[in-house]
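6 protein chains.
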Amino acid sequence: MKPIRSFLFVPGNKESMLDKAAFAGADALILDLEDSVPPPEKAAARELVARKIPELAAAGQRIWVRINRTAHIYDLDDLLAVIQPQTEGIYISKPYGPEDVHMASAMIAEAETRANIPVGTVRLIPLLETARSMQLCFEIAEHPRVIGIVGATAKNADMSRALNFIWTAEGRESDYLKARVVMAARAAGKWPIGGIWQKIKDLDGLAKSSQLDRQLGMAGELALHPMQVETINRSYTPTDDEVAYYQGMIDALDGAMAQGRASVMYDGEHIDIAHVKTAREFIAMAQALKD
Amino acid sequence: MKPIRSFLFVPGNKESMLDKAAFAGADALILDLEDSVPPPEKAAARELVARKIPELAAAGQRIWVRINRTAHIYDLDDLLAVIQPQTEGIYISKPYGPEDVHMASAMIAEAETRANIPVGTVRLIPLLETARSMQLCFEIAEHPRVIGIVGATAKNADMSRALNFIWTAEGRESDYLKARVVMAARAAGKWPIGGIWQKIKDLDGLAKSSQLDRQLGMAGELALHPMQVETINRSYTPTDDEVAYYQGMIDALDGAMAQGRASVMYDGEHIDIAHVKTAREFIAMAQALKD
Amino acid sequence: MKPIRSFLFVPGNKESMLDKAAFAGADALILDLEDSVPPPEKAAARELVARKIPELAAAGQRIWVRINRTAHIYDLDDLLAVIQPQTEGIYISKPYGPEDVHMASAMIAEAETRANIPVGTVRLIPLLETARSMQLCFEIAEHPRVIGIVGATAKNADMSRALNFIWTAEGRESDYLKARVVMAARAAGKWPIGGIWQKIKDLDGLAKSSQLDRQLGMAGELALHPMQVETINRSYTPTDDEVAYYQGMIDALDGAMAQGRASVMYDGEHIDIAHVKTAREFIAMAQALKD
Amino acid sequence: MKPIRSFLFVPGNKESMLDKAAFAGADALILDLEDSVPPPEKAAARELVARKIPELAAAGQRIWVRINRTAHIYDLDDLLAVIQPQTEGIYISKPYGPEDVHMASAMIAEAETRANIPVGTVRLIPLLETARSMQLCFEIAEHPRVIGIVGATAKNADMSRALNFIWTAEGRESDYLKARVVMAARAAGKWPIGGIWQKIKDLDGLAKSSQLDRQLGMAGELALHPMQVETINRSYTPTDDEVAYYQGMIDALDGAMAQGRASVMYDGEHIDIAHVKTAREFIAMAQALKD
Amino acid sequence: MKPIRSFLFVPGNKESMLDKAAFAGADALILDLEDSVPPPEKAAARELVARKIPELAAAGQRIWVRINRTAHIYDLDDLLAVIQPQTEGIYISKPYGPEDVHMASAMIAEAETRANIPVGTVRLIPLLETARSMQLCFEIAEHPRVIGIVGATAKNADMSRALNFIWTAEGRESDYLKARVVMAARAAGKWPIGGIWQKIKDLDGLAKSSQLDRQLGMAGELALHPMQVETINRSYTPTDDEVAYYQGMIDALDGAMAQGRASVMYDGEHIDIAHVKTAREFIAMAQALKD
Amino acid sequence: MKPIRSFLFVPGNKESMLDKAAFAGADALILDLEDSVPPPEKAAARELVARKIPELAAAGQRIWVRINRTAHIYDLDDLLAVIQPQTEGIYISKPYGPEDVHMASAMIAEAETRANIPVGTVRLIPLLETARSMQLCFEIAEHPRVIGIVGATAKNADMSRALNFIWTAEGRESDYLKARVVMAARAAGKWPIGGIWQKIKDLDGLAKSSQLDRQLGMAGELALHPMQVETINRSYTPTDDEVAYYQGMIDALDGAMAQGRASVMYDGEHIDIAHVKTAREFIAMAQALKD
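Chains as they are written, first to last, in the working numbering: chain A, 13 to 303; chain B, 13 to 303; chain C, 13 to 303; chain D, 13 to 303; chain E, 13 to 303; chain F, 13 to 303.
Derived by calculation from the structure, the hints in this document are not laboratory data. Be aware that a few hints might be false.
Stated by the list, open to error - Below, a list of computed lysine to aspartate or glutamate pairs in the DMTMM-like style, where the Cα atoms sit at most 25 Å apart:
hint: 1; chain 1: C; residue 1: 106; chain 2: A; residue 2: 151
hint: 2; chain 1: F; residue 1: 213; chain 2: D; residue 2: 281
hint: 3; chain 1: F; residue 1: 213; chain 2: D; residue 2: 254
hint: 4; chain 1: B; residue 1: 106; chain 2: C; residue 2: 293
hint: 5; chain 1: C; residue 1: 26; chain 2: A; residue 2: 27
hint: 6; chain 1: C; residue 1: 213; chain 2: A; residue 2: 263
hint: 7; chain 1: B; residue 1: 289; chain 2: A; residue 2: 87
hint: 8; chain 1: B; residue 1: 167; chain 2: C; residue 2: 47
hint: 9; chain 1: C; residue 1: 302; chain 2: C; residue 2: 281
hint: 10; chain 1: A; residue 1: 26; chain 2: A; residue 2: 53
hint: 11; chain 1: E; residue 1: 167; chain 2: E; residue 2: 100
hint: 12; chain 1: A; residue 1: 289; chain 2: A; residue 2: 303
hint: 13; chain 1: D; residue 1: 167; chain 2: E; residue 2: 47
hint: 14; chain 1: C; residue 1: 54; chain 2: E; residue 2: 47
hint: 15; chain 1: E; residue 1: 106; chain 2: E; residue 2: 67
hint: 16; chain 1: F; residue 1: 54; chain 2: D; residue 2: 266
hint: 17; chain 1: F; residue 1: 211; chain 2: D; residue 2: 59
hint: 18; chain 1: A; residue 1: 14; chain 2: A; residue 2: 154
hint: 19; chain 1: B; residue 1: 289; chain 2: A; residue 2: 263
hint: 20; chain 1: A; residue 1: 167; chain 2: C; residue 2: 187
hint: 21; chain 1: A; residue 1: 289; chain 2: C; residue 2: 100
Stated by the list, open to error - These stretches of chain C come out as covered by chain E in the derived footprint (C-beta under 8 Å, 3 or more residues):
hint: 22; stretch: 74-85
hint: 23; stretch: 116-130
Even for Gly, the Cβ is constructed at its ideal location relative to N, Cα and C.
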């Protein structure tokens, strides 16, 4: 599956923003029915989003929807409305642990069945916003419907309330959470997803933040505003220099192998088959993003 | 339950120090029967502490006692002496894992029963001083009698021997342990407790250290000396600026909601319901500390 | 068992390098049949290594062998050739989790049995190079044959591909992995092993890197070249100043105990029995390395 | 809580049967919305049952409802209709394991919340009708909302399809399942519930079957028809002889204790404190059923 | 996949028996390289079996092979010889638990890879002959390559040594093991396989034994001799009466449903949708065995 | 370790019974401080038992002691008194699960340490008298200090109260418990221990009961009275006929192997290497009981 660098949140109650979202350049959209929609507008937003899904998909967008969590379950009406053949996946908020992810997945299966979509088609990404879900992130990531887990932090948001830490841009308090999410997701063969940068206009801050996430191993990131998309995409796109570096590494080891050696010094470092595997995967990923 | 910012250790064999402890301003006292009491004085200290508990409680102190670990269990005589109606909880050293926490809890239940105190009244805080207890800190934190877990580090102390790391004031080697304890404790709904600053007279160092712990999410901290209490309390007390900041955030979103929006820019950041929940909890905690 | 500060990789197909390895000063050698040997030379390397083991052991070297992983298991021919009475242990690459470590251990037992060596004699160290093995490092470390686990990172190597992070010399992306390996290994009573520094000629960089690993709690480190051994050994050897510091601490508390106190201020810090235990273990380790 | 010997199924679409149910003498009713209601009548049955709950409760009945399982979840509309202040609990069919029991419990909590009933009030009994739920019956029984688990078998019903055994009245094929359910339920402090006798008119067969279930440790049983209730109640009610036997045992040991002995021969058997505890619990249960 | 009623063991060292096996009428053959082959003939038997696999498969036989267990692993040479495109699966002896099943599966994957067969094609059935493997039979049955588990008992064989029970034809001592294997296998969606009847010529005893196993829920059984095949097949084949009974049940409920009822009395029993599902599965199975 | 067929309970407060116990012929004695001692005599019994241990051991008896369970732990004073160099093991009552077994083991370790006995010397047998301990019997059996587990049932005793079944001499209600204990114990390499026959004078009933237990796989049994010992020992001792039968089997296969066959018909059954292993173990056990 083609990687997703940027998931752009779009409020589900704003038709004009939904219309514009197709032009934001995001790798995927998250049509939001949850925190960005005021309670009185939830029902209208659900209808609007349900109507926009085929349109946006026809415009080439990959469609995800963040549904509401009700008092104790997820919003079945949301799911019945938005699970459509064009829906790539669902974002859920605040699971308390793997049992809630099972429940969300079963509710999605119910909606798939009623919509005549093969069970298991629609993917799931949980936002790890409770301390228990962070603690149990590997168990959550192992659920077969889950394709990624979000380990995002921001000043004063759910995540910081859950852990009661004080968010900083440098991220000392967030590094553990993020590194843990990266390892757990990768161990389960899923995407670790980072973010969030709340100072919408501070693109330099965003660039720095997304590069730090990328460096820790994140596969992509949540965007709060279309303005952020280009910066995020750039942070997660291999540069030409990087591509050249890895191509050179492949060539160097190929040369050494031709001479019967299994390792070579390249750019001052000791390189062997393991490194070239990394290089080939990097170039494949760079190519996938271009296609 | 009212938060505890500072737990002050007081040697159980020093009557004058026990007497003065009531004036130290600590949120709770730990009357210590363990490492700060030389072996020949253990029995006398036990008696002294047992006698002081009602006095100190009458003076408004919240009373915790650190008991001894014998060769393979915890010290039953210590427990029988110090489990009294005024005892809020027990600190135990060096559990090897959840089974030892179960054992300590059963021994406390035995002492509660003999003292006619309802079983489960006395709380338990384990000091994570063995590597295995740190590894299994979430399982330990889930025990119903446990109200907090301590992830404290200091130069050359038990914790550094367990992991064999070299302690630094900056804490690169301790950050993983501390962040892990914060997440595990919060995931179980318990308090993560930090510390320890051994350079008693270096209050600036202490302030920096306790602010780092607070920033990582610690709920409070161990104090070795009455001199440290005020600095620690300050680090864990919300400032007026912080209270004003969060009150402003609540007001800003309330305003936005009144206009049918679910999010607002506040102080240059994108704020929604999730942030306001953090704000309300922060203000409630600040209020609890004032009461 | 005497600690191992440096494990030196030696390509298993280079007789002259194998011969010279005995003079490198490494605490242990890893005769490598895996990535440093080109595929066409694997069979010859296996024979060569099998022949060199008794020689190198006779020259006082502690012998480890890194065997190949075939498509789905480990290389049984490698094991049958290199499990000899002088073989201290086996390094394995890329286990996917505890089940693979069980499988490797069973294959070693098979080779021990056929070589008339008591089952369980030969130790095992897994290189944590898959994300799942890192995630499950504690479960892996608990296997009775495992004596250590490797949490090494390097630019573009298996480990960075597994987590997809960007390696830096400062190690922000690696700290979580390394701290996690330290705690898991210590919790299971095993050695955490660090490394790797690929810029062979940059000994200053190596010194800094190995000191950072040591400071995090690593017990020793992988060396890629004989040139690196001395630097690594130095990083993991207590200095005279350290020995003096800890001896002073023991003396100070002994003095205090003689006067009926259980703690003392030493070098500006509050010291008690816990610290002196650390001191005694440190001095014992320093002594073991001298013997 | 007062024991329940007989749970009587009543089809939820038959008003006259619902009305008569109050006179059947069952300890509890199960108003059935599931397999005894033909699909086209499900919606009407739901309304009818919702309407009858307060009536039947007012007539002194303890009310349970068996809801439908939809394709992948439980029927939320059923739950929203039947969770009322008078509803003692919900029966669910075919959970696949503990995750489904969590899901059902969360859905019940949702309905409790919307009905302003304190969360956790309504109890849950899962029918173990899939092999996986039988395999994991202890894990299911441990869920706090679960008050009992059903290990019932009958010719050709769900349970025999799940295990593919051939049902016999003697029950060789069912004994393992039933004994397993008894132990798992008791280990979790819950009720093991047996049954089912499908030959409605064969009351002798029913008596034998229910006595076998009782003898294995079942606490009560499912009834398919009002005719069965009296027989079932009798099987699970202590006889006068039994009460006299246990009272005699208590007296005998009391006598022995008065003479300083801790055991006595009673009715040819060696009796001590353990037996008298059983006797006292038996008499307490007999008394509870009379009240 | 078509059910297998009878798995016939054929000694792998007897060419004439292998040739005749194709005419025995067994649903599948187990070409045995293990206990029925004397050690000096193991190598020759391996070659013979490898040669016979394509022949027997061409003659319409479903081919399974029981390989040897060496001191600590499974026999890799056996696997490399007998994993061929026509091989349906492998029987393994004496796994000590799930880890050994993982190991066997990895060794099979290795052989599949070398034989250019897609990994996962060849199925696995473990003989539960150690007490630990019986205890952990559910965990074993959950392995994706495992298609069935054997819970067979016989006088003095491995199974009785493992549990140290005294085998009886009535099977009181075996019922627990067998019922446990049935539930665990069905819970994992796999086949429970029974047997073994050692009195080769006592076909009446065999018939009784296989009917008891079938009644407990076994899906098929091991045969030691061609003479046993017909009796076993008969025990596991639905009779015409059974087919008629279930067809009548389907008809009866169809009739009731047409009149708006969801249950009906059939043959004196209360029947609903659950029973008819059993009936349909039974008839489908009967049909599959005829095809 | 030599098997134990009969464990004879002796009241710890009856000196004459303790003196006579040495002549009862039991393989081991259980000096009882628990239910057979009236509360006022507990302290005196403890002293008496402590005094008798060396005497009885000197008389060739293997000594076990059943200690008291206090409100929440085990009786530390009991343990400190009876853990002596001659004590083979401790029986504990009513553990609630593996955590309690850990606690008991730690308390025994404490007593061993104070008595200068190497930690781990004294063995532990838990009486599974709570439903939870029966449910978790495998986890309990895996504890390294545990050498056996008791799955005994009797009319109205703790075990029947725990499961609330009705005890019968035929044991339909007990078979599941006993077979489960046999498998769990054997899976952990421990002894399954049966019993109890309360009708002291009914030796025929005892013989039948102990033979049923033996047949299920029990290794030995609890005896309530010296009169029962001989009957029990006989039930668990191989008969001469059995020894002859197994010796004949060994001879038969040896003969077949000499002719190049790996199996043979013996006494009408198909016999191979697996059966002969059983035979050899049986004869070894018979020999151990004679020594």
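For each hint, the structure was consulted:
| no. | hint | in the structure |
| --- | --- | --- |
| 1 | 106/C / 151/A | holds, 21 Å |
| 2 | 213/F / 281/D | holds, 9 Å |
| 3 | 213/F / 254/D | holds, 24 Å |
| 4 | 106/B / 293/C | holds, 17 Å |
| 5 | 26/C / 27/A | violated, 69 Å |
| 6 | 213/C / 263/A | holds, 23 Å |
| 7 | 289/B / 87/A | holds, 21 Å |
| 8 | 167/B / 47/C | violated, 41 Å |
| 9 | 302/C / 281/C | violated, 29 Å |
| 10 | 26/A / 53/A | holds, 10 Å |
| 11 | 167/E / 100/E | violated, 29 Å |
| 12 | 289/A / 303/A | holds, 21 Å |
| 13 | 167/D / 47/E | violated, 41 Å |
| 14 | 54/C / 47/E | violated, 36 Å |
| 15 | 106/E / 67/E | violated, 29 Å |
| 16 | 54/F / 266/D | holds, 18 Å |
| 17 | 211/F / 59/D | violated, 59 Å |
| 18 | 14/A / 154/A | holds, 20 Å |
| 19 | 289/B / 263/A | violated, 55 Å |
| 20 | 167/A / 187/C | holds, 23 Å |
| 21 | 289/A / 100/C | violated, 31 Å |
| 22 | 74-85 | holds (count 4) |
| 23 | 116-130 | holds (count 6) |
Hint compliance for this structure: hints 5, 8, 9, 11, 13, 14, 15, 17, 19 and 21 are not met, and every other hint is.
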